[in-house]
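Trainee: One letter stands for each residue in the lines below.
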Amino acid sequence: MSNADARRLARELAEPHLQRLADDLPGVRAAILASSDGFELVSVTVTELPLSQLSAMASAMQGLGDALARETGLERSRDIIVDSDLGKVVLMSIPGGPPPLVLMVVVTDQSPFGQLLLQCRNCCVAIGNDLKNRTSMPASIAS
Amino acid sequence: MSSEHKILFTGTMGAGKTTSIAALSEIPPVVTEALNSDRLAYDKATTTVALDYGEFTLEEGGKIQLVGTPGQMRFDFMWGVLARGALGIVLLIDNSRPDPLADLRTYVGHFEAFARNGRMVVAVGRTETHMRPAIDDFGDVLANDGILLPVLSADVRRRDDVLMLVNALLSQLEMTL
Numbered sequence: 001m002s003n004a005d006a007r008r009l010a011r012e013l014a015e016p017h018l019q020r021l022a023d024d025l026p027g028v029r030a031a032i033l034a035s036s037d038g039f040e041l042v043s044v045t046v047t048e049l050p051l052s053q054l055s056a057m058a059s060a061m062q063g064l065g066d067a068l069a070r071e072t073g074l075e076r077s078r079d080i081i082v083d084s085d086l087g088k089v090v091l092m093s094i095p096g097g098p099p100p101l102v103l104m105v106v107v108t109d110q111s112p113f114g115q116l117l118l119q120c121r122n123c124c125v126a127i128g129n130d131l132k133n134r135t136s137m138p139a140s141i142a143s
Numbered sequence: 144m145s146s147e148h149k150i151l152f153t154g155t156m157g158a159g160k161t162t163s164i165a166a167l168s169e170i171p172p173v174v175t176e177a178l179n180s181d182r183l184a185y186d187k188a189t190t191t192v193a194l195d196y197g198e199f200t201l202e203e204g205g206k207i208q209l210v211g212t213p214g215q216m217r218f219d220f221m222w223g224v225l226a227r228g229a230l231g232i233v234l235l236i237d238n239s240r241p242d243p244l245a246d247l248r249t250y251v252g253h254f255e256a257f258a259r260n261g262r263m264v265v266a267v268g269r270t271e272t273h274m275r276p277a278i279d280d281f282g283d284v285l286a287n288d289g290i291l292l293p294v295l296s297a298d299v300r301r302r303d304d305v306l307m308l309v310n311a312l313l314s315q316l317e318m319t320l
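Chains as they are written, first to last, in our numbering: chain A, 1 to 143; chain B, 144 to 320.
Note that these hints are calculated values from the structure, not bench results.
Here a beta-carbon is modelled for each residue, glycine too, at the ideal position from N, C-alpha and C.
Check each hint, because a few of them may be wrong.
To be verified - Sample of chain A residues with no beta-carbon within 10 angstroms of chain B, all distances over it, derived:
#1 Ala22
#2 Glu48
#3 Leu64
#4 Leu118
As the list claims (entries may be wrong) - Stretch-level coverage of chain B by chain A, calculated; a stretch enters the list once three of its residues show a Cβ under 8 angstroms from a Cβ in chain A:
#5 213 to 227
#6 281 to 293
To be verified - One side only, chain A facing chain B, incomplete, derived with CB under 8 angstroms:
#7 Glu71
#8 Leu74
#9 Phe113
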């Protein structure tokens, strides 16, 4: 499978899950699936945001989280939550890789925290399962 | 020099930032490597997405934090974050890239305050296999912009070469601070 095909597959598989998340969860501004090296693969947005830049930031944060967890003997980082004045940003690793992917969800303070975490995690698991089922996905996913 | 200071290693992807820090650090470096999914742009298995970190003790006893930036422009938001409080910068240029002089201009432009204050050393790598541009050409580009910095050829896989770069930067700083 070529890089372009793999990218299309990730987009095709993940987009319905991102859309469902945006539809079901109150206050979603954006849901982005990015490669671990910072490329936007697919996104669903309610508000205009700089998606390429956010994808790079998601991978950098995930990289820092992994390093922090490793250095403190906590193994791999799974989630990072940025709790800010007007909302939250959640970063979650998609389980079951490769390829390593990260989900970034930006929400306003309309989103209840427990529901946010639960639905983001469900979304990650669903994407991970779909990718696993359609496997033979190469590590390289960007064209 | 006393206490703790930070030196930033920056440059394009594949220029040797992670390698430099690993060569000189006295602790196992902290790395933030991710699989490189853009093999067309650069055929390298992994890439730094946030930072590299190592430590080095000077003979006089001061500790130097060695901090590496991600190389790609899409991570340039990290450059400013990591440069905060840095004593100086080692700019690594990969002479095998299509336009190393343009790379020099890009990074010097981004870290202009460091360059204009003499808080930067430029290290040109892969000069054994790629002799052009010559070291003098890099100096000329800087001079045309009114900037005077040490420009050195270095193989950052060698600890002695990285040490030379750090010493060159520290010597440069002694003159400017």
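Trainee: Now tell me if each hint is right for this structure.
Mentor: Evaluated hints:
1. Against the 10 angstroms criterion, Ala22(A) stays outside the reach of chain B, whose nearest CB is about 24 angstroms from its own CB.
2. The claim that Glu48(A) lies off the interface holds: its Cβ sits roughly 18 angstroms from the closest Cβ of chain B, which is beyond the 10 angstroms cut-off.
3. A Cβ of chain B approaches the Cβ of Leu64(A) within 10 angstroms, the least distance being about 5 angstroms, so the stated non-interface status is violated.
4. No beta-carbon of chain B is positioned within 10 angstroms of the beta-carbon of Leu118(A); the least distance is around 27 angstroms.
5. Check on the segment 213 to 227 of chain B: 6 of its residues sit with their Cβ under 8 angstroms from a Cβ of chain A, so the three-residue criterion for coverage holds.
6. Counting residues of the segment 281 to 293 of chain B whose beta carbon lies closer than 8 angstroms to any beta carbon of chain A gives 0, which falls below the threshold of three, so the coverage claim is violated.
7. Because the smallest distance between the Cβ of Glu71(A) and any Cβ of chain B comes to about 6 angstroms, under 8 angstroms, the interface hint for this residue holds.
8. A hinted interface residue such as Leu74(A) counts as satisfied when its beta carbon comes closer than 8 angstroms to some beta carbon of chain B; here the least separation is about 14 angstroms, so the hint is violated.
9. Interface hint at Phe113(A): violated, since its Cβ lies 26 angstroms from the closest Cβ of chain B, which is beyond the 8 angstroms cut-off.
Hint compliance for this structure: hints 3, 6, 8, 9 are broken, all remaining hints hold.
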